[in-house]
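Peer 1: Chain by chain, the residues:
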Amino acid sequence: GAVVSQHPSRVICKSGTSVKIECRSLDFQATTMFWYRQFPKQSLMLMATSNEGSKATYEQGVEKDKFLINHASLTLSTLTVTSAHPEDSSFYICSASRTESYEQYFGPGTRLTVT
Amino acid sequence: DAKTTQPPSMDCAEGRAANLPCNHSTISGNEYVYWYRQIHSQGPQYIIHGLKNNETNEMASLIITEDRKSSTLILPHATLRDTAVYYCIVESYNFNKFYFGSGTKLNVKP
Chain A
842 GAVVSQHPSR VICKSGTSVK IECRSLDFQA TTMFWYRQFP KQSLMLMATS NEGSKATYEQ
902 GVEKDKFLIN HASLTLSTLT VTSAHPEDSS FYICSASRTE SYEQYFGPGT RLTVT
Chain B
17 DAKTTQPPSM DCAEGRAANL PCNHSTISGN EYVYWYRQIH SQGPQYIIHG LKNNETNEMA
77 SLIITEDRKS STLILPHATL RDTAVYYCIV ESYNFNKFYF GSGTKLNVKP
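Protein sequences, first through last, are from chains A and B. To convert, take the position in the first sequence, counting from 1, and add 841; that gives my numbering. To convert, take the position in the second sequence, counting from 1, and add 16; that gives my numbering.
Be a bit skeptical, because a hint or two may be false.
What the hints assert, rightly or not - With a cut-off of at most 25 Å between alpha-carbon atoms, the simulated SDA-like pairs for lysine to any residue come out as follows:
1) Lys-896(A) / Lys-121(B)
2) Lys-855(A) / Thr-940(A)
3) Lys-68(B) / Gly-31(B)
4) Lys-121(B) / Thr-956(A)
5) Lys-855(A) / Thr-956(A)
6) Lys-882(A) / Tyr-62(B)
7) Lys-125(B) / Ala-18(B)
8) Lys-896(A) / Lys-68(B)
Said to hold, decoys possible - Okay, the calculated bits of chain A under chain B, using three or more residues with CB under 8 Å as the criterion:
9) 913-921
10) 924-938
11) 946-956
To be verified - Selected chain A positions facing chain B (in silico; Cβ < 8 Å):
12) Ser-846
13) Gln-870
14) Val-903
Read the hints as simulated data drawn from the structure, not as lab findings. All C-beta atoms in this analysis are idealised placements derived from N, C-alpha and C, irrespective of residue type, glycine included.
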């Protein structure tokens, strides 16, 4: 149990376009979802925290107008990278937690390449 | 910010125990210690967590010092598939956020 999926697993987009990444909890209701970014050979960096039905809380230095997060249901959160640039190329990972546990269940990640 | 420090890398012979240390000297009384690992280009995988007592599951054992300022993850019989980056995380009671440190790259060698 406690499986989190992400779609797509890989995406290539042109500079200036927007791309949406989906994160789904497949077999549980996620009260909170988290988005991370990971550059090559670096650790995961927390970008934002989202709770279903409310606005996301962004970490310092993360542009909320560039990285739009929507947590429309207890099983789905989306991250939209708007007006993507090559420096946004990264590995984006989501995680989800449920009320009865502080453990985070991580998705497999999405590799974004902006050309 | 991450509240943990770990050695950047460690080697371990296949079949031997791997002992991965973590310092978390500023941990608060109600903060848990979590261990995750990340195999290349995958999402992190949960290993184990604890508050103050030692814990054991099918994957590993977690030893937390009495003052809770450090802990050790033990993989009792390391295999080549255990080669990964291991992250020790102190879970913030503030919205249960995880701030990852740089982790330890464990190289299991035949």
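Peer 1: Run every hint past the structure and note whether it holds.
Peer 2: Comparing the hints with the structure gives:
The hinted pair formed by Lys-896(A) and Lys-121(B) fails the criterion: a straight-line CA distance of about 36 Å is larger than 25 Å. Under the criterion of a C-alpha separation no larger than 25 Å, the hint pairing Lys-855(A) with Thr-940(A) is inconsistent with the structure, at around 39 Å. Taking the CA atoms of Lys-68(B) and Gly-31(B), the gap is near 28 Å; set against the 25 Å cutoff, the hint is violated. This hinted pair does not check out: Lys-121(B) and Thr-956(A) have alpha carbons roughly 31 Å apart, beyond 25 Å.
The suggested pairing of Lys-855(A) with Thr-956(A) holds, with an alpha-carbon distance near 5 Å, which does not exceed 25 Å. Simply put, Lys-882(A) and Tyr-62(B) have alpha-carbon atoms about 20 Å apart, close enough for the 25 Å limit, and the pair holds. For a cut-off of 25 Å, the pair hint linking Lys-125(B) to Ala-18(B) is broken: about 29 Å separates their Cα positions. For the given pair, Lys-896(A) sits about 34 Å from Lys-68(B) by alpha-carbon distance, which is inconsistent with the 25 Å threshold.
With 0 residues having a Cβ less than 8 Å from any Cβ of chain B, the segment 913-921 of chain A misses the three-residue criterion, and the hint is violated. Beta-carbon proximity to chain B at under 8 Å applies to 4 residues in the segment 924-938 of chain A; the threshold of 3 is reached and the given coverage holds. Counting residues of the segment 946-956 of chain A whose CB lies closer than 8 Å to any CB of chain B gives 6, which reaches the minimum of 3, so the coverage claim holds. A cut of 8 Å between beta carbons decides the hint on Ser-846(A): the least distance to chain B is about 10 Å, and the hint is violated.
Proximity of Gln-870(A) to chain B is violated relative to the hint, the smallest CB-CB distance being about 16 Å (cut-off 8 Å). The beta carbon of Val-903(A) comes no nearer than 13 Å to any beta carbon in chain B, farther than 8 Å, and the hint placing it at the interface is violated.
Consistency with the previously given hints fails for numbers 1, 2, 3, 4, 7, 8, 9, 12, 13, 14, ordered from lowest to highest.
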